[in-house]
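Trainee: Chain by chain, the residues run as shown.
2 protein chains.
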Amino acid sequence: MATQREKAARLRQLHDGPRLLVLPNAWDVASAKVIAAAGAHAIATSSAGVAFALGFPDGQRISRTEMLGMVRRIAGAVEVPVSADVEAGYGPTADAAGQTARGVVEAGAVGMNLEDSLEAGELVPLELQVSRIQAARAAAAAAGVSLVINARTDAFAARGLAADARIVEAVRRANAYLGAGADCAFVPFVSDREAIGRLAREIRGPLNVLAKPGSPPLAELERLGVRRVSVGSAIALAAYGRARRSAVELLGSGTYQALEDAIPYAEMQKLLGQA
Amino acid sequence: MATQREKAARLRQLHDGPRLLVLPNAWDVASAKVIAAAGAHAIATSSAGVAFALGFPDGQRISRTEMLGMVRRIAGAVEVPVSADVEAGYGPTADAAGQTARGVVEAGAVGMNLEDSLEAGELVPLELQVSRIQAARAAAAAAGVSLVINARTDAFAARGLAADARIVEAVRRANAYLGAGADCAFVPFVSDREAIGRLAREIRGPLNVLAKPGSPPLAELERLGVRRVSVGSAIALAAYGRARRSAVELLGSGTYQALEDAIPYAEMQKLLGQA
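These protein sequence lines are chains C and Z, in that order. Position one of the first sequence corresponds to residue 0 (numbering that gives the first Met the number 0), numbered consecutively onward. Position one of the second sequence corresponds to residue 0 (numbering that gives the first Met the number 0), numbered consecutively onward.
The hints are simulated quantities; they were obtained by calculation from the structure and are not laboratory data. A few of these clues could be false.
Where chains are identical, the list cannot tell them apart; a pair therefore holds if satisfied intra-copy or between any two copies.
[Stated by the list, open to error] Result set (SDA-like, lysine to any residue): computed pairs, CA atoms no more than 20 angstroms apart in a straight line: (1) K269 x E78; (2) K211 x D260; (3) K269 x E201; (4) K211 x R222; (5) K269 x V189; (6) K269 x V79; (7) K269 x G58; (8) K211 x A156; (9) K211 x D191; (10) K211 x E65; (11) K211 x A194; (12) K269 x G120.
Please read these numbers as outputs of a predicted model, since none were measured by experiment.
Take the sequences, apply the hints, and build the full model.
Mentor: Written out as structure tokens, the structure is:
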């Protein structure tokens, strides 16, 4: 078993190329096991997916404790490094961000996302977000692990910014966050090729974008200079989509077609470590 | 909001026909919300699904507390009655079964499954299982709710019983369990039409069977006299199958086809009660 420090180093190194780091996000232990078995080099969690599974809408309605509870289960179940999506750190202050980072380390994860919007459409002042990243870095170091910090800017979802201003703001914030000690800059909500290429050129560190149906394929994102791609809650929503289709079919025609193409029970038992 | 007693009465009534009670099993809150929104009249949990999501193989490796924790989340999130799959009651004794029944009531569910095998292939002595059912019934009554007890017999998975002996044993046990106060007899692992028809005729109460791809369609099960159908972990395994397909595609061709046909994010937010 690799130590937590070794896993942090391994996750950090996966941002250095030459290949794109692809993170198919998990939301519970079974999904993490399945995604790891599919060959993922690391597991990133989806905060929305975890929230949905445990009964909350996305957007910091779940508590830090409950979110980290699922992160702990996942990190304890897979051998690959785990990066925790902990939204905006469950509190507006630098202290809250530090406390969350310490919790991420204690949960056994080796990376974390930290967002710069506490409310949809509103960006935290840049200086405050810089201090929140520094606090997360310091708290993790004090806890003994150099967490891989993926600093997210929601500039592309900010109210009152024109398209061009969004790119400028995303670059400005990404570079400030990298300067404050973040390892990677996460700019979601952009799928335009030209914009992504410009972000990759102007951001002075690894760039993470969010991919979804309609985004350029991963090979193209790699050519554009992206270093890390995640998919947020997309896999969870696809899985629950399959659950819905199964239920609708059972309750409607009373047949079982949507239940085919499942993971066999015996295989899932083995994945979960049946003796 | 219906009270817990009203929900228990409603669930019990759903066994009286004229239509088959179809229970597409859920394993977390999001799946329960999706299945309820698809029109299910009640939600049954899948103990295997819950175990997988939280990091355990199926078969009482998860604790009673953790299993009931997820049941509580689900029961608190849907308006329809919830029946909890609590395996063999997390202990071999009548006391354990009673304690589990009390926990099911406290978690807000109004029904429970109780299995008669503690180890794969081994049936609990009939008299002991009868006393376990009586203990569950009494504990629930003491807690103020007339739980709908779905007594499961694993006669069809018992080692050392020939096919014909299995039917005889399933009928003998089902009738003893119904006589002891169970509301419904659950006989899984049988999909042969003739055997199901015979079970429905010879069991003196509602019959629950487990359906899966390859089983007779629900309309036919209804004609055979089945009153309740559930699918165990099949929907969870289909959902995780979709997660696997998504991950394999992302890590392979780097495209997003398996992510289509997902539940839209905004719709899931609404299902989870976003303000």
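Trainee: Work down the list of hints and note, for each, if the structure agrees.
Mentor: Verification of the supplied hints:
no.	hint	result
1	K269 x E78	within (15 angstroms within a copy, 35 angstroms between copies)
2	K211 x D260	between (22 angstroms within a copy, 12 angstroms between copies)
3	K269 x E201	neither (46 angstroms within a copy, 37 angstroms between copies)
4	K211 x R222	within (17 angstroms within a copy, 45 angstroms between copies)
5	K269 x V189	neither (39 angstroms within a copy, 24 angstroms between copies)
6	K269 x V79	within (18 angstroms within a copy, 34 angstroms between copies)
7	K269 x G58	between (34 angstroms within a copy, 13 angstroms between copies)
8	K211 x A156	within (16 angstroms within a copy, 44 angstroms between copies)
9	K211 x D191	within (12 angstroms within a copy, 44 angstroms between copies)
10	K211 x E65	neither (27 angstroms within a copy, 34 angstroms between copies)
11	K211 x A194	within (16 angstroms within a copy, 48 angstroms between copies)
12	K269 x G120	between (44 angstroms within a copy, 19 angstroms between copies)
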